[in-house]
Amino acid sequence: MGFYSGFLHPLISFDQLLALLALSVMCGLAPKPWFGRSWLVFATVAIVGICFGLLGYQDARVSPALMAIGFVAAGLAALRPSGVQTIQILLSALAGALVGVSSAPDPGPVRDMIITACGGLVGANYILLAVVGGICWFRDRFDHEWSLIAVRIIAAWIATISISMAALALTPR
Amino acid sequence: MSGGFVSGFAHPILGWDHVVAMVAVGMWGAFLGAPAIWLLPIVFPLVMAIGTVMGIAGVPIPGIETGIAASAIVLGLLILLAIRLPLWIACIIVGGFAIFHGYAHGTELPQSANPLAFIIGFVLATGMLHLIGIAFGLLLRWPAGKYAVRTAGGLISLFGLGFLFGFA
Numbered sequence: 001m002g003f004y005s006g007f008l009h010p011l012i013s014f015d016q017l018l019a020l021l022a023l024s025v026m027c028g029l030a031p032k033p034w035f036g037r038s039w040l041v042f043a044t045v046a047i048v049g050i051c052f053g054l055l056g057y058q059d060a061r062v063s064p065a066l067m068a069i070g071f072v073a074a075g076l077a078a079l080r081p082s083g084v085q086t087i088q089i090l091l092s093a094l095a096g097a098l099v100g101v102s103s104a105p106d107p108g109p110v111r112d113m114i115i116t117a118c119g120g121l122v123g124a125n126y127i128l129l130a131v132v133g134g135i136c137w138f139r140d141r142f143d144h145e146w147s148l149i150a151v152r153i154i155a156a157w158i159a160t161i162s163i164s165m166a167a168l169a170l171t172p173r
Numbered sequence: 001m002s003g004g005f006v007s008g009f010a011h012p013i014l015g016w017d018h019v020v021a022m023v024a025v026g027m028w029g030a031f032l033g034a035p036a037i038w039l040l041p042i043v044f045p046l047v048m049a050i051g052t053v054m055g056i057a058g059v060p061i062p063g064i065e066t067g068i069a070a071s072a073i074v075l076g077l078l079i080l081l082a083i084r085l086p087l088w089i090a091c092i093i094v095g096g097f098a099i100f101h102g103y104a105h106g107t108e109l110p111q112s113a114n115p116l117a118f119i120i121g122f123v124l125a126t127g128m129l130h131l132i133g134i135a136f137g138l139l140l141r142w143p144a145g146k147y148a149v150r151t152a153g154g155l156i157s158l159f160g161l162g163f164l165f166g167f168a
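If you're matching them up, the sequences are chains V and R in order.
No gaps in the numbering here: position 172 of the first sequence is 172 in the numbering used here, and each next residue is one more.
No gaps in the numbering here: position 118 of the second sequence is 118 in the numbering used here, and each next residue is one more.
Bound-form chain V, shown alone:
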């Protein structure tokens, strides 16, 4: 419990981290107005999601669903088909809802739960903004075609890792 513990939660939960990285790469490669819209949708829906989580909503399918979102978002970032802005917004909303739900802390004193949940929200948004910022800096600093290619190849790797982990989570070991 605590703000810092909540803040670290998206960083140490690989399902959230993969989904956030994938979403960040997709947003980082999107035209700038669309990143702003995606982030706004993500942040808003994450607040709704965390409210559901605080009210006790839990589902074992959240983790593989987050990784599946990671696969789709990173796959779209890697292949960059045109006209996927609506899908980008939809994925941001889905990721926001699921990150919010899975950021809800274990039951405890209400005040501590809310502070921890706030930490989780700030942490998730921090990762998103930091990675998008890093991608924008990288592409501005190295203004070559290869900088875009490098980000797209990394997106393909994130997609592979995400879907493999999702499959593993759904397969009994």
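To be clear, the hints were calculated from the coordinates, so they are not data collected in a lab.
Remember, predicted model here, so these are calculated numbers, not experimental data.
Every residue, glycine too, gets a C-beta built ideally from N, C-alpha and C.
A couple of the hints might just be wrong.
[To be verified] Not the full set, but computed from the structure, chain R residues with beta-carbon under 8 angstroms of chain V:
id, residue
1, 6
2, 38
3, 41
4, 46
5, 52
6, 56
7, 57
8, 59
9, 60
10, 109
11, 115
12, 119
13, 120
14, 123
Put chain R on the given structure of chain V with help from the hints.
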């Protein structure tokens, strides 16, 4: 039980059939030029993921080792014979073979002590092998380099035949 990152990273590297096929993907991409030079290393891991999922789920696919050997034979021949195919056909060929490679990695995964690290390892190793192939393929800029790359393609194809008939 296989381990984590090191096991995953070593899995494509310790199998010569994986090594030559993935180096061949990079070389063929370099041979075809832009956009294939970077599109093939994007398509390969994306489709490889499908194979990995099938391997994890235990979906039976016959002839995995044959498919991996065939990838080396076909890609090596394409480089040796300097065949320039349309981009979409190149993507289908590379993607088709990627399923076999992904499946082989996927069957190892459920036994892994740290699956996330294992996956990160084999994905990074795959990318690194593509990069090596691309770097070697860039020798095409020089006349002598063309012969070197095409000869390497022939050798990869021979390696593939060796794997197929159990000589390698």
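Against the structure, the hints:
1. Evaluation of the residue 6 (chain R) hint against chain V yields a violated restraint, the C-beta minimum of about 16 angstroms exceeding 8 angstroms.
2. The beta carbon of residue 38 (chain R) comes within 4 angstroms of a beta carbon in chain V, closer than 8 angstroms, and the hint placing it at the interface holds.
3. Restraint check, residue 41 (chain R) versus chain V: the minimum CB separation of about 6 angstroms is within 8 angstroms; hint holds.
4. At a threshold of 8 angstroms, the smallest CB-CB gap from residue 46 (chain R) to chain V is about 5 angstroms, leaving the interface hint in force.
5. The beta carbon of residue 52 (chain R) comes within 5 angstroms of a beta carbon in chain V, closer than 8 angstroms, and the hint placing it at the interface holds.
6. Interface restraint check for residue 56 (chain R): the shortest CB-CB distance to chain V comes to about 4 angstroms, inside 8 angstroms, so the restraint holds.
7. Checking residue 57 (chain R) against chain V: minimum C-beta separation of about 6 angstroms stays under 8 angstroms; hint holds.
8. Taken as an interface hint, residue 59 (chain R) does not check out: its beta carbon lies about 10 angstroms from the nearest beta carbon of chain V, beyond 8 angstroms.
9. A hinted interface residue such as residue 60 (chain R) counts as satisfied when its beta carbon comes closer than 8 angstroms to some beta carbon of chain V; here the least separation is about 15 angstroms, so the hint is violated.
10. Taken as an interface hint, residue 109 (chain R) checks out: its beta carbon lies about 6 angstroms from the nearest beta carbon of chain V, inside 8 angstroms.
11. For residue 115 (chain R), the suggested interface contact is upheld, since its CB lies about 5 angstroms from the closest CB of chain V, less than 8 angstroms.
12. The beta carbon of residue 119 (chain R) is positioned within 8 angstroms of a beta carbon in chain V (closest approach about 5 angstroms), and the interface hint is therefore held.
13. Residue-level restraint check for residue 120 (chain R) holds (minimum Cβ-Cβ distance to chain V is 6 angstroms; threshold 8 angstroms).
14. Nearest Cβ of chain V to the Cβ of residue 123 (chain R): about 5 angstroms, under the 8 angstroms cut. The hint holds.
In summary, the structure is inconsistent with hints 1, 8, 9 from the numbered list given earlier, while agreeing with the others.
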